[in-house]
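Student: Hints in hand, dock the two standalone chains.
Chains C and X, in that order, give the protein sequences.
Everything in the first sequence is counted per our numbering, starting at 1 for the first residue and increasing by one.
Everything in the second sequence is counted per our numbering, starting at 1 for the first residue and increasing by one.
Simulated from the structure, these hints should not be mistaken for laboratory data.
From the three backbone atoms N, C-alpha and C, an ideal C-beta is built for every residue, glycine too.
It is possible that some hints are incorrect.
As the list claims (entries may be wrong) - Just some of the chain C residues that point at chain X, by a computed CB distance under 10 angstroms: (1) Pro20; (2) Gln28; (3) Thr51; (4) Glu56; (5) Leu59.
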Amino acid sequence: MLLFRSEAHVERWVRQWQLPRGAVLSPQQAWRLAEAWYGPDRRPAEWRRRTVDETEAVLAELGLTGPYWSLRRSPGDS
Amino acid sequence: MDAPASADIDARLRYHVYETTLQRGSPPSVAELRHATGLSIEVVRAGLARLAAGRVLVLQPQSGEILMANPFSAVPTAFVVETPSYATFGNCIWDALGILAMLRAPGRIRTACGCCGEAMDVVVTNGELAAAAGVVHFAVPASRWWEDIVFT
Chain C
1 MLLFRSEAHV
11 ERWVRQWQLP
21 RGAVLSPQQA
31 WRLAEAWYGP
41 DRRPAEWRRR
51 TVDETEAVLA
61 ELGLTGPYWS
71 LRRSPGDS
Chain X
1 MDAPASADID
11 ARLRYHVYET
21 TLQRGSPPSV
31 AELRHATGLS
41 IEVVRAGLAR
51 LAAGRVLVLQ
61 PQSGEILMAN
71 PFSAVPTAFV
81 VETPSYATFG
91 NCIWDALGIL
101 AMLRAPGRIR
111 TACGCCGEAM
121 DVVVTNGELA
131 AAAGVVHFAV
141 PASRWWEDIV
151 FT
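Here chain X stands alone, though its shape is the one from the complex (with noise of 0.2 angstroms):
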């Protein structure tokens, strides 16, 4: 039986990681993967190294773990997302209201403002923004935002 092409490997990759953070708000290990897929740990680096560099996840940088499966964060952030599922992290403050837009889910934002800390919460109720004061500040231009992603 011929290998599967990479394309394919790289969707059912994409399908895995994105079933199982919808599911539990975290994304999914290599090993997980491996698991989930039946592919071998190799093949599942290197897909994921292809579709970190489509842009469509971004890898710790030693590990090769995931890092963000955009809009969620593997890590702990300043931007916990509570949905009635679970609680989350977002890269960023955009990134926290993506993660309620890709649930289509009610939700809390606890956050804190990015100059003096004073905490700051945003809340979506019906498909619309319930509750949010402040502003949200982009500090690098759209064309500059994959530089560095994890600073962005």
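Isolated chain C, as found in the complex (with noise of 0.2 angstroms):
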């Protein structure tokens, strides 16, 4: 995940790679993101992964669902 200046430099960044042009987020939704996903200590026995559900979870309550944030294969997917 990379920062750009614009959207407009995404798109050329995507054109020059021949990349498909991916998600984009706020700086503001990405720090939520990061404070969900790295806020809990992983140094206690106990902590562990987050299951695919609890996962789609956080992404969902940052707004990110549809295709894009699912973290389950659609059959078709290559």
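Tutor: Here's what the structure looks like:
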């Protein structure tokens, strides 16, 4: 995940590298996602990675829904 | 005495990895983990491999040393995170923010536009984004983040 000066710079970058355009978040959305994702202390023995359902719930709480943010692969995905 | 179960070893290693990383900003080496845990090199390496298989850590492909104790990077990246205690590296802009979130500390991320290289800073103070311009681009759909985590 990279920071760009603007959406125009994202467009130029994906064209240059012939990549599909991904998802664009504001820095504020990315900060909220970072807080939710990395907030829990990973040192305690009881810590564990979130399940797919739990992860999708974290994303959904931040408004990140739809196929791009789904952790489940579609049958047609290669 | 019975040998500790794999889950117990992995929990001990995870504790030491994150305790060290949070204290100084860089993950411990295999040798440091051996010293800290009293486990043999072989047991440490096997534990790190299990943690990597479980997507808790990412290891360097040749040496087997830690590459990522997410959100921290063990190697220099384009995402420098300046905290009150040290400067360190995030794996990407999300992880750079994640370091300040994990530390619950103010700080400044020094990076550059992924397209043109113009310098860009992001500042966090009092648990809030104090200064940030631009947009964050996720190039890989969530279901594929771990297919090539170094690219992601």
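Student: Now tell me, hint by hint, if it's right for this structure.
Tutor: Okay, the hints, checked on the actual structure:
Taking 10 angstroms as the C-beta contact cut-off toward chain X, the hint placing Pro20/C at the interface holds, the least distance being around 8 angstroms. Below 10 angstroms, beta-carbon pairs count as interface contacts, and Gln28/C has one with chain X at about 6 angstroms; its hint therefore holds. Given hint, Thr51/C at the interface with chain X, is violated; its Cβ is 12 angstroms from that chain's nearest Cβ, farther than 10 angstroms. Evaluation of the Glu56/C hint against chain X yields a held restraint, the C-beta minimum of about 8 angstroms falling below 10 angstroms.
Contact between Leu59/C and chain X, as hinted, is supported at the beta carbon level, the nearest pair being about 7 angstroms apart and thus within 10 angstroms.
The structure fails hint 3 only (numbered hints given earlier).
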